[in-house]
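Could you build the full structure based on these sequences and the hints that come with them?
There are 2 protein chains.
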Amino acid sequence: MIYRRIALIGMGLVASSIALAAKRHGLAERIDGHAKSASTSELAVERGLVDKMHATPEEAVDGADLVVLCTPVSAFGSIVERIAPFLGKGATLSDVGSVKSHVIKTVAPLVPEDVHFIPAHPIAGTEHSGPQSGFAELFEGRWCILTPGADADQEAVDRLAGFWNAMGAQVDFMDADHHDLVLAVTSHAPHLIAYTMVGVADHLRRVTSSEVIKYSAAGFRDFTRIAASDPTMWRDVFLGNKQATLEILGRFTEELFALQRAIRTDQGDVLHKYFRETREIRRGIIEAGQDTALSDFGRRKDSENQP
Amino acid sequence: MIYRRIALIGMGLVASSIALAAKRHGLAERIDGHAKSASTSELAVERGLVDKMHATPEEAVDGADLVVLCTPVSAFGSIVERIAPFLGKGATLSDVGSVKSHVIKTVAPLVPEDVHFIPAHPIAGTEHSGPQSGFAELFEGRWCILTPGADADQEAVDRLAGFWNAMGAQVDFMDADHHDLVLAVTSHAPHLIAYTMVGVADHLRRVTSSEVIKYSAAGFRDFTRIAASDPTMWRDVFLGNKQATLEILGRFTEELFALQRAIRTDQGDVLHKYFRETREIRRGIIEAGQDTALSDFGRRKDSENQP
Numbered sequence: 001m002i003y004r005r006i007a008l009i010g011m012g013l014v015a016s017s018i019a020l021a022a023k024r025h026g027l028a029e030r031i032d033g034h035a036k037s038a039s040t041s042e043l044a045v046e047r048g049l050v051d052k053m054h055a056t057p058e059e060a061v062d063g064a065d066l067v068v069l070c071t072p073v074s075a076f077g078s079i080v081e082r083i084a085p086f087l088g089k090g091a092t093l094s095d096v097g098s099v100k101s102h103v104i105k106t107v108a109p110l111v112p113e114d115v116h117f118i119p120a121h122p123i124a125g126t127e128h129s130g131p132q133s134g135f136a137e138l139f140e141g142r143w144c145i146l147t148p149g150a151d152a153d154q155e156a157v158d159r160l161a162g163f164w165n166a167m168g169a170q171v172d173f174m175d176a177d178h179h180d181l182v183l184a185v186t187s188h189a190p191h192l193i194a195y196t197m198v199g200v201a202d203h204l205r206r207v208t209s210s211e212v213i214k215y216s217a218a219g220f221r222d223f224t225r226i227a228a229s230d231p232t233m234w235r236d237v238f239l240g241n242k243q244a245t246l247e248i249l250g251r252f253t254e255e256l257f258a259l260q261r262a263i264r265t266d267q268g269d270v271l272h273k274y275f276r277e278t279r280e281i282r283r284g285i286i287e288a289g290q291d292t293a294l295s296d297f298g299r300r301k302d303s304e305n306q307p
Numbered sequence: 308m309i310y311r312r313i314a315l316i317g318m319g320l321v322a323s324s325i326a327l328a329a330k331r332h333g334l335a336e337r338i339d340g341h342a343k344s345a346s347t348s349e350l351a352v353e354r355g356l357v358d359k360m361h362a363t364p365e366e367a368v369d370g371a372d373l374v375v376l377c378t379p380v381s382a383f384g385s386i387v388e389r390i391a392p393f394l395g396k397g398a399t400l401s402d403v404g405s406v407k408s409h410v411i412k413t414v415a416p417l418v419p420e421d422v423h424f425i426p427a428h429p430i431a432g433t434e435h436s437g438p439q440s441g442f443a444e445l446f447e448g449r450w451c452i453l454t455p456g457a458d459a460d461q462e463a464v465d466r467l468a469g470f471w472n473a474m475g476a477q478v479d480f481m482d483a484d485h486h487d488l489v490l491a492v493t494s495h496a497p498h499l500i501a502y503t504m505v506g507v508a509d510h511l512r513r514v515t516s517s518e519v520i521k522y523s524a525a526g527f528r529d530f531t532r533i534a535a536s537d538p539t540m541w542r543d544v545f546l547g548n549k550q551a552t553l554e555i556l557g558r559f560t561e562e563l564f565a566l567q568r569a570i571r572t573d574q575g576d577v578l579h580k581y582f583r584e585t586r587e588i589r590r591g592i593i594e595a596g597q598d599t600a601l602s603d604f605g606r607r608k609d610s611e612n613q614p
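These protein sequence lines are chains C and A, in that order.
The numbers in this note's numbering rise by one with no breaks, and the one at position 282 of the first sequence is 282.
If you want this note's numbering, it's the position in the second sequence, counting the first as 1, plus 307.
Watch out, some of these pointers could steer you wrong.
[What the hints assert, rightly or not] Mimicking BS3-like on lysine-lysine, the simulated pairs with C-alpha atoms at most 30 Å apart in a straight line are:
1) Lys580/A to Lys242/C
2) Lys105/C to Lys580/A
3) Lys580/A to Lys273/C
4) Lys273/C to Lys549/A
5) Lys343/A to Lys412/A
6) Lys580/A to Lys36/C
7) Lys412/A to Lys273/C
[To be verified] Derived, one-sided and incomplete: chain C residues facing chain A with beta-carbon distance under 7 Å:
8) Leu43
9) Arg221
10) Ile226
11) Phe275
These aren't lab readings, by the way, just hints derived from the structure by calculation.
Using N, Cα and C, we set each Cβ at its ideal position, and we do this for glycine too.
Here it is in structure tokens:
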């Protein structure tokens, strides 16, 4: 038991996974929830994710010692405005948003003085959304980044870190701006690029959708997974991490143009050198346990893919 | 038995998979091979991939009724120059190259009149290379595109199509130029984009490699798989399909710039609409059996990922 009573605001993939993991590991006496849509609330009740779903966020947080904002980040401001008067003295307010500076700028001024605001970002997810997608193992072996302010209460920070550890995650601490830059590289730019490539394929007239689908195993299908992620969440991420995302995309197009030029001018050696170097990073990711070594992400269950 | 004697020139992932599949399904009386490097030849012998590895391509093709070029495409010209005098009357010469117009332009003029040249491209692969990576199931459920010339011998074409069918692939026929455009979309542009994104992450100074690796599960790691593909093969693909690849990359940067502008100018509705539409294609790919419906490509073996 790490918290007495947890309130989850929003009930998508991450919230439902927190609910299941917290229950499995016995991390709270009670879990309350709120979701804007009635169908989400019903699904959460059906799956038995929480002890009670509440009609308003105010009701859900009343009496909680941990409140976690799990909606798309654009909703954080209005939610915190509503719940602020109901947050208990000494309670911790956290979140799971993929951007941190923007969230801190929006939320911090609204948090009562006797409440600990400790922003968090679990680096975990799948392409599926909604309360039906959550599972207790989502955070196992993944990282959760906390970006507490310089004046944060150490005990409250340790407690939240312990909560994430207990759900199987490793915890890192980072400055919010640096978090946003790191995630622009490892998440936000790759997502925008994947969305764009899938959009381009969709918009071509000379190649049909049926052709794109049939021959997608040649590489394209890998992009479609992350381009199937939740549109609202990702709209908010890009608008909430504008500067770092645009900076990385600028670097990306710069290098893409250099490689396009190498293709146009037959500089095979430039291409070969570039492609050799990029192999190393994948090796590092596999060694760090952040991806499978099985070929094709282990999609096939054949003789080759038995480790 | 579809062919009496098959010769495979080059012994990487695709050739070794053909050898294993042809053997498993009894598609040839005998399989001969040639590889440029001694270590590749030794590995092929160790795995028992072929009946015999030969020191020269000339020796390997002597007496074969099907010869398949499986090296990087830049080697095709010089190989066919060498083997042309040894190709038997009525034999079929094919290949597995990822580009087709360039291959036809290079190879067709060198092929003797009494030999059937039928270019092919199996849309199958993994990020692993070499004779140790092949497996008999590689082509199962995948497509193989044949691009025979207008004057091709129908019987020889049907026989080659039957060979691919027997290894588990479905066969499609296409004009070579159209093949190159389709593959530019579903394979070549995505690979260059993935290589570029991984290169950008590698070249940043403000984000360390260790950070990129630790937080790669947020999307980036998906790109690293295809950016771990064979550098020589991919150099040749880009140089061999220059025009279509650059055309698609041009469309890609055009759309990327439009989305960057939408981010910069806070046009959330434009982003949301774009991200909603791209979900459809993934659904199509899964319904067509070209990718798994399991979340995260089925990387995890947990409760959620039991279909």
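| Close enough to count: is the Cβ of Leu43/C nearer than 7 Å to one in chain A? | 15 Å, violated
| message | Hint Phe275/C vs chain A: min CB-CB distance below 7 Å? | response | 4 Å, holds
| task | Assess, step by step, whether the Cα of Lys105/C is no farther than 30 Å from the Cα of Lys580/A, and give holds or violated. | result | 27 Å, holds
| message | Under 7 Å is the threshold here; is the Cβ of Ile226/C close enough to any Cβ of chain A for the hint to stand? | response | 5 Å, holds
| query | Holds or violated: are the alpha carbons of Lys580/A and Lys242/C at most 30 Å from each other? | reply | 18 Å, holds
| Once the shortest beta carbon distance from Arg221/C to chain A is found, is it less than 7 Å? | 5 Å, holds
| field | Hint consistency between Lys580/A and Lys273/C [alpha-carbon to alpha-carbon, up to 30 Å] | value | The given pair, whose Cα atoms are some 38 Å apart, is violated under the 30 Å limit.
| field | Hint consistency between Lys412/A and Lys273/C [alpha-carbon to alpha-carbon, up to 30 Å] | value | 27 Å, holds
| Proposed proximity, Lys549/A with Lys273/C (alpha carbon, max 30 Å) | Given that 30 Å is the threshold and the Cα spacing comes to 18 Å, the pair holds.
| said: For Lys580/A and Lys36/C, compute the direct alpha-carbon distance and say whether it is at most 30 Å. | reply: 21 Å, holds
| Does the alpha-carbon distance linking Lys343/A and Lys412/A stay inside the 30 Å limit? | 23 Å, holds
In this structure, the hints that do not hold are numbers 3 and 8, in rising order.
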